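The chain contents come next:
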Amino acid sequence: DAMVIQNPRYQVTQFGKPVTLSCSQTLNHNVMYWYQQKSSQAPKLLFHYYDKDFNNEADTPDNFQSRRPNTSFCFLDIRSPGLGDAAMYLCATSRVGVGETQYFGPGTRLLVL
Amino acid sequence: SQQGEEDPQALSIQEGENATMNCSYKTSINNLQWYRQNSGRGLVHLILIRSNEREKHSGRLRVTLDTSKKSSSLLITASRAADTASYFCATDEDDYKLSFGAGTTVTVRA
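In order, the protein sequence lines correspond to chains A and B. Per the working numbering, the first sequence runs over residues 1 to 113. Per the working numbering, the second sequence runs over residues 1001 to 1110.
Since the hints were derived computationally from the structure, they do not count as laboratory data. Any given hint could be a false lead.
[What the hints assert, rightly or not] Distance condition first, Cα-Cα at most 25 Å in a straight line; then the derived PhoX-like pairs of lysine-lysine:
(1) B:K1097 with A:K52
(2) A:K38 with B:K1097
(3) B:K1026 with A:K44
(4) A:K44 with A:K17
(5) A:K38 with B:K1056
[Said to hold, decoys possible] Which residues of chain B face chain A? A few of them, derived with a C-beta cut under 8 Å, are:
(6) D1007
(7) H1045
(8) F1088
(9) F1100
(10) G1103
Values in this document were obtained by computation on a predicted structure and should not be read as measured data. Where a beta carbon is used, it is the ideal one built from N, C-alpha and C, also for glycine.
So here's chain A without its partners, still in its complex pose (with noise of 0.2 Å):
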């Protein structure tokens, strides 16, 4: 059974043209992340919720955003993809506290033409 669901699981855009990437869960956790990994590289933490509460890392481009919506959903949007946005997008979740196990989804990847 599915618990972190990303969809689509292949996005192909335009330079510039916005882009929306979707995760759900079905675990309840109170913590939602956004990873962006490339190529042969470690996941690398963009933001996330605690609850409704947004937490950005310092070095995410303010080209990344995020909403939400609820418990269960979480978007990223990318206002504006060059071609050095093109990676793979990671969606984790967890249960707040040190020490807990990160669930991922299998990942959206992102092509940019």
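With the hints as your guide, set chain B onto chain A.
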């Protein structure tokens, strides 16, 4: 920010052999976790070791932690083709966020 550094970057072994990979980190931690990522997929949690633990086992996995050297190792015994994946260590510092290492790509040859 990325705290973990993993070694080696890539590892190729024969089925049935053991695979060992290492992770070093920079600052004090509460816990260290290992995750696996199959090609083109999300990460899957494998095992967590707390800062006051030195060794932990889970099935064919053995993890060690040396906080004095700020390093951890993951051993996969009797490897199988299905173990082909990238393995990431992840540390938490003072909250629930994780910092991932660059990963070790393991290829198990049949």
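| said: What's the verdict on K1026 (chain B) and K44 (chain A), does the C-alpha distance respect the 25 Å limit or exceed it? | reply: holds, 17 Å
| message | Between the alpha carbons of K44 (chain A) and K17 (chain A), is the straight-line distance 25 Å or under? | response | holds, 23 Å
| field | Minimum beta-carbon distance criterion (8 Å), D1007 (chain B) to chain A | value | Given a least distance of 14 Å, the restraint on D1007 (chain B) is violated.
| field | chain A contact restraint on H1045 (chain B) - CB to CB distance below 8 Å | value | holds, 4 Å
| said: Using the nearest Cβ pair, does G1103 (chain B) come within less than 8 Å of chain A? | reply: Status holds, d = 6 Å.
| Is the Cα-Cα distance between K38 (chain A) and K1097 (chain B) 25 Å or less? | holds, 19 Å
| said: Would the hint linking K38 (chain A) and K1056 (chain B) be met if the CA-CA limit is 25 Å? | reply: violated, 31 Å
| Should the interface hint for F1100 (chain B) be scored as holding, given a Cβ-Cβ cut-off of 8 Å against chain A? | holds, 4 Å
| request: Would you check whether F1088 (chain B) satisfies its interface hint, that is, whether its CB is within less than 8 Å of any CB in chain A? | output: The hint holds - F1088 (chain B) has a Cβ within 8 Å of chain A, the shortest such distance being about 7 Å.
| Would the pair K1097 (chain B) and K52 (chain A) pass a check requiring their Cα atoms to be no farther apart than 25 Å? | holds, 16 Å
The structure shown violates the earlier hints numbered 5, 6.
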